[in-house]
Amino acid sequence: MLILIWGILIFFIFFTIHIARWRIYPPKQPTNSLFRLFLLNLILSLILLWIASRSTLVINLFFPKNLLECLHISLLYLSLGLFYIFNYPAIEADSPSLLIIQHIADAGSHGLAKEELYKMMTDDMLIKTRIMDLMKDGLVYKSGDIYRLTKKGNYTERVFIFYRRILNMPKGG
Amino acid sequence: MVAFVPIACLIINMLFQIASFRYILKTNLLRSVFVGVGAGAFGLLIYQSYFFRIEAMALTDRIAMFLVNLLIYASLSYCYFSFICLSETARRIRILREIYDARDGLSMQQILERYNAKEMIDNRLKRLLNNRQITFKSGRYYLKRHIVLLIARLFIMMKLIIFGKKSEFD
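Residue numbers (numbering that gives the first Met the number 0), protein chains in the order written: chain A, 0 to 172; chain B, 0 to 169.
To be clear, the hints were calculated from the coordinates, so they are not data collected in a lab.
Owing to the predicted nature of the structure, the values given are computational and were not obtained by experimental measurement.
Certain hints may be false.
Derived lysine-lysine pairs resembling DSS-like cross-links, with alpha carbons at most 30 Å apart [unchecked claim]: (1) K135(A) <-> K143(B); (2) K165(B) <-> K113(A); (3) K164(B) <-> K27(A); (4) K113(A) <-> K27(A); (5) K27(A) <-> K150(A); (6) K118(A) <-> K143(B).
Computed beta-carbon distance windows for the label pairs [claimed, not checked]: (7) N31(A) <-> G37(B): 32 to 40 Å; (8) I23(A) <-> G37(B): 37 to 45 Å; (9) K165(B) <-> M134(A): 38 to 46 Å.
Built from N, CA and C at the ideal position, the CB exists for glycine as well.
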């Protein structure tokens with residue numbers, strides 16, 4: 000029971016700090032900042048939990064008793080945190096599929112033609128914004144008029160190419 | 000060692016997903032994801048029942064431990080599913096791929112020749128039609144199911160909580 004409670008509590012602390020930080024002072028590199036906050040929160044929480052569990056007070060009954068329990072708490076927190084971090088880009092940027100669904104739902108019984116969607120969702124909105132994001136996250140840089148991959152961008156792309164080769168899949172997007 | 004069980008189940012999930020996609024389902028990616036998740040979940044159930052047989056624990060602790068491992072497994076499986084979706088549908092990954100393939104980099108014009116809003120809308124309309132979320136009648140698209148619309152509203156709610164706005168363009 001302790002593992003469940005502490006894992007969820009540490010995640011809740013991360014989530015609360017994240018919302019407060021983003022509302023008060025939004026970071027310039029959100030994904031990197033989110034990941035750093037996520038790891039920092041884990042390290043600090045585990046140190047505090049470990050110190051508290053070593054204390055001789057009665058309250059140490061509510062803290063993990065050994066390293067294995069700490070590890071289990073970390074795993075629960077890591078999985079919940081990664082779940083959120085994987086969802087974060089879809090929260091930060093408007094998803095084209097969800098936008099299409101919203102536009103079609105708004106059109107109601109009249110329905111929506113493809114040409115109307117083309118007018119509502121342009122290259123500026125769907126492509127150029129994502130290129131800016133890639134630059135912000137240090138995956139792409141611009142030299143003159145040309146966009147090139149940074150080392151980090153190259154490495155990221157190779158991971159996906161490797162995976163798509165395993166599955167024998169064509170280009171996505 | 001019980002802490003590592005969800006990770007072992009995630010590996011089972013990945014192996015079954017890859018094998019079923021490569022050798023059986025081939026074009027149906029979503030179904031291969033279900034196969035993988037099911038195989039991993041089955042592994043988790045088998046191990047948990049074995050563990051509870053050999054380990055004396057109070058009922059509440061058993062339920063809590065099962066919940067913890069289920070939460071870890073479900074979250075990690077979702078991460079793997081998101082990774083598959085990223086490689087399949089994410090705009091950023093597709094743009095990275097186009098620039099990577101070009102080797103000498105691309106100008107904005109060249110990127111838009113290879114990947115643009117029209118292509119993206121066409122791909123997504125096809126997917127939404129295949130998944131029966133929308134229908135197409137007399138040249139117009141209509142909403143069929145409300146699941147994706149509910150997800151869209153959930154994301155808007157999250158945007159409001161985190162950023163205080165409904166859209167990145169507000």
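Hint by hint, here is what the structure shows:
This hinted pair does not check out: K135(A) and K143(B) have alpha carbons roughly 38 Å apart, beyond 30 Å. Simply put, K165(B) and K113(A) have alpha-carbon atoms about 24 Å apart, close enough for the 30 Å limit, and the pair holds. A threshold of 30 Å between alpha carbons decides the hint, and for K164(B) with K27(A) the separation of about 17 Å falls inside it, so the pair holds. Taking the CA atoms of K113(A) and K27(A), the gap is about 35 Å. The hint is violated against a cut of 30 Å.
Our distance criterion of 30 Å between C-alpha atoms is met by K27(A) and K150(A), whose separation comes to about 20 Å. Proximity of K118(A) to K143(B) is assessed by CA-CA distance (about 23 Å); at most 30 Å being required, the pair is judged to hold. Between N31(A) and G37(B) the beta carbons are some 35 Å apart, a value that agrees with the proposed interval 32 to 40 Å. Checked against the hint of 37 to 45 Å, the C-beta distance between I23(A) and G37(B) comes to roughly 43 Å, which is consistent with it.
Taking 38 to 46 Å as the suggested C-beta distance range, the pair K165(B) and M134(A) does not conform, at roughly 25 Å.
The structure fails hints 1, 4 and 9 (numbered hints given earlier, in ascending order).
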